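Quick note: the sequence shown uses numbering that gives the first Met the number 0, first residue 0, plus one each step.
To be clear, the hints were calculated from the coordinates, so they are not data collected in a lab. Quick caveat, the model's predicted, so the values are computed rather than measured. Hints are supplied without guarantee of correctness; some may be wrong.
Listed next, the in silico DSS-like pairs over lysine-lysine satisfying Cα-Cα at most 30 Å (straight line) [what the hints assert, rightly or not]:
(1) K448 x K437
(2) K446 x K361
(3) K295 x K265
(4) K339 x K437
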Amino acid sequence: MKLTCIKTDKKNKQHVSLVPFESFMERVQEDNYFEDVDALRTFVRYAESWSIFERMHRLPVIYPSAVMKTNKEGNLIAQQFNGLFTLTISPLKDEEEAEAVKRMTAILPSTMLSLLGSSGRSLKVIVRACRPDGSLPQTEEGMEAFCKQVYPILCGLYEPLVTMTQTADVLQVAPAIRGEGQPSWMTGFRMTADQHPYCNTEATPLLIPDGITMSEKGKVTLADTQENASETVIQNTKELISLMDQRYAFRMNMVMGYVEYRSKEKWHYGWRPVDERVQNGLAMEARLAGLNVWDKDITRYLRSNLVRAYNPVEEYLWGLYRKWDGHDYITDLAKRVPTKNPHWEEWFRIWFLGMVAQWLGKSRRYGNSIVPLLISKQGFNKSTFCKSLIPTDMQWGYNDSLVLSERKSVLQAMSQFLLINLDEFNQISPKIQEGFLKNLVQLASVKVKRPYGKHVEEFPRLASFIATANVTDILSDPTGSRRFIGIELTGPIDMSQPINYDQLYAQAVALIDQNEPYWMDEKQTLEVMESNRQFKLRSPEEMFFEECFRIPEHEGEGQYMTTAAIFAAVKKKGGSAIRTGNIRVFGQFLSNIDNIKRRRTHFGTEYLVIPYQKH
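All chains should be built: construct the whole structure from the sequences, respecting the hints.
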């Protein structure tokens, strides 16, 4: 018997090969894939759910169900049905539980193979089944119909065995279908490693009579369980899950933190959030179907791990892995912004890669602390350009209406949105610029309490920042200016051509995978700070200082004066325009003046200046 093995190369091309069952078992028990499988199991144990395992492509997918090949169009087609059905049992807590479940599956004579999955969190069970006369369907239509008949029966047979293990009360048995939309006969799993699998090549096929239904299966497998009220609860729960599965598909949006649903009858409506109104409707449907369930049963089901986790960002970016055609789409996008700054394309590339790396969870210690600041008069398409950076299907992740004074909302937005536009940046007060915002852009994670949550939780930061302004004197914090990339536009941004989002983000994923830096080095940081001088917001103290003093070129010129003495001279010149309480801020201004000489005395720090002569 041969199994189908599908491996994806670095160019995302699929290679189909056939592997004899004996050779497959040798690979599972030897060290062929041990390093990659062990890395995956470590990753699953410690990584966040939104992260991507970058070596996944090294593990081919095994399809025991059928011998397959690709046709002229490159699509997979079945040549021969093997009569092997793959179940997945999950989530396993540890290896001890996996071995216990493995022993229980061995009780049934139809179990051909039971082995630990590549993630270490599931058991893959291969079962033999056929018609009473020993035959198997060989057309894809027949295979699909047979699988839809067999799998509910197998789940009903193996579920009681699973529940007999001491720690397996939350384990679920399901067909090992690889993804949404795939036919039922295409069940399989990633290549795995297990030094002690259960294997019975002489397994007796389970004989499936024609016409047996799921309800008949239920009567057979539950005939001995109707002894008390607790068994009635079990039956009601199974029927509820079956009803929900027949009518809807559910998924837990890990980014937004809520469950989404899609009607199987009205699939074109797309995915929508399960709000209170929808949940009440689900409860009413169950009651009208004759099920004795309550609202809390629906809530418990929707909030359980029976609903698959879904990360829209991860799914989109992972789908673009190794699909970049080699063209520089990021630079093309940067060139749409007309500016005289010679570094813009380089800086934009670093920021854009940092944004995507943030979504991928690449850095657990640092956030994307660079913020492009587009400066021009109104009507230059700045806000339109910022919004267009996010693909159309992910526009839910764009926010241009954040109120920075609402600290809790800001922190929550950083864990749920992809790009935050600080529109009208010139309206942000210097106090917020120098305090909250300066700290905000460098956070790697945020700690917030969800609505109705019981405690504060830590979430990874997703959002990067971009900003727009209509005036040039805008940056108030000299020490924080390195976090902003001030770019003055010389004309409107070109938005006449559509953006090839798939290739744009495929390039970003490829460059990050190639370890291209998505942070600025010291030289680039100094270039940014030098460029930002032209956008500095000058205080009255600074302006009057330049009217009172100049910086000597040689130490033999001028005189050393304390901060207080210099401030007094400036206040005398500026009068009521100078605020008395600003001497500390004024001292920071003095310390940041280029080429100013200073010395420490018992009076404090003194600066070398030349007072202008009074006329």
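Verification of the hints:
| no. | hint | in the structure |
| --- | --- | --- |
| 1 | K448 x K437 | holds (22 Å) |
| 2 | K446 x K361 | holds (19 Å) |
| 3 | K295 x K265 | holds (26 Å) |
| 4 | K339 x K437 | holds (27 Å) |
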